[in-house]
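*Asks:* One-letter residues, chain by chain:
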Amino acid sequence: MAEIIQEEKGGGKKKAKKHAPHIDMTPMVDLMCLLITFFMLTTAFSKAKVMEINLPEKIKDPTKQEAPRISASRTLNLILGPNDKIYWYPGSVKPEEYNSLPPVTELDYSAEATGVRRMLLERNRALFKKIDEFNQQVISGKLVISQDSVLKSIAQLKKIDDTGPIVLIKAYKKANYGNFVDILDEMNICGIARYTFVPIAWYEERMVENAAGIAPTPTASTK
Amino acid sequence: MPKIKLPTKSPHIDMTPMVDLFSVVLTFLMLTTTMRQQEPAPVDTPYSISEKPTPDFNTLTLLLSKDDKVFINFDNGPDTLLKFRPKILAEMGKRYNIEFTDAELREFEKYPSSMGVPILQMKEFLDAKEAKAKAVFQTGIPCDSLDNQLALWVLFARQVNPNIQACIKGDSKTGFPIVQKVLDIMQDKNVNKFNLITSLEGAKINLEEIQK
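Chains as they are written, first to last, in the numbering used here: chain A, 1 to 223; chain B, 1001 to 1212.
Bear in mind the hints are in silico, worked out from the structure with no lab data behind them. The model shown is predicted, which means the values in this text are computed figures rather than measured ones.
Computed beta-carbon distance windows for the label pairs:
1) B:P1053 - A:E96: 45 to 55 Å
2) A:P199 - B:I1049: 22 to 32 Å
3) B:T1139 - A:K142: 52 to 62 Å
4) A:K129 - B:N1148: 45 to 55 Å
5) B:D1127 - A:D132: 55 to 65 Å
Over 12 Å on every C-beta distance to chain A, these chain B residues come out as not near it, computed from the model:
6) M1092
7) G1093
8) N1097
9) P1118
10) A1131
11) K1132
12) F1137
13) N1148
14) L1155
For the chain B half of the interface with chain A, some residues (derived, Cβ under 7 Å), not all of them:
15) S1172
16) F1176
17) K1193
Think of the CB as a built atom: it goes at the ideal place given N, C-alpha and C, for glycine as much as any other residue.
Just need the whole structure built from these sequences, with the hints factored in.
*Replies:* Below, the structure written as structure tokens:
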């Protein structure tokens, strides 16, 4: 196709014509195109990343070990609700409040004003600023240290922090795995020093159901 | 006026540079490629800002599909030298009184993607020759309290390879109850550190806006 061979017209005498030996490369190019396309489509260029999470060890014998005490004023409870919503309330619910449960505030996963990121950053501003300043110093070259020690220093900043919130993440049964990863991601983005994932309590299920307008499930009401 | 007749020439295109370039690209792609493994269930991993790459070996990956099935994978296929996979299967067979032949153990070692086969069907699964016949057995690993095979897989995997790390690969739409169940089972076996497999995305934070 790329080559049209012209016949030599003319006199009866045919001269053996000298010409460069042309190899028709079209089929080869065709094949190569095919292979390249195949490899490009099957190659996984970017490797999947992982996000680490450490869960608190299970307390197997409740008589030996009691739950760690944390100050209620710093505690934030985030409950992953259905339909990509988050419900949160500060502090804890005391047993005498079970009949009139405290209200929960609804948030979503966006970075906008209604998002959980705004709320967390507001509460974690002091620590976040410190981490941000530190990162800026590293980026601008004022501080020359290896990547490992950067991570260590940030971990140290988080460790000594005593103003940021302590976030307890709980999941209502209609939440999904994406919500779980998203909220842990928000913790990393906002530089929250102390967060953990704990099982949801029955009254928290009730609070979500009240807020989201879902009929209470029998398992929650029997307790 | 006489028309000027241009001699018709055959349109020769010199394809040599193009072929050269193609060869280079092709060689590059062939050398760098790592084949994308076909998982038994389609999974869209959620996004996060984490930049830590997935470990290549010493992994125990649990795949949680949208329809609440659990699949398991050790070391992502045959790229392990220490051959942990056949040992794990042999342990599992001992527990359930199933004798696996050498050929079956080898097949288990080579199997490239996650497996969700109940142990009682594992023999038939490994003996099946075609991919379609194999797919029939991928019904998810039983993990309820009556027959908790997932817990045993985790237990034996950790016995055979103490350095194994737990990875969880779930679809963003996987319901939370199954995730909770799997985490509970793992924690019962004293696994408290998890790697959640995600895809990378950027996050933007506007500090000034927050301080308003």
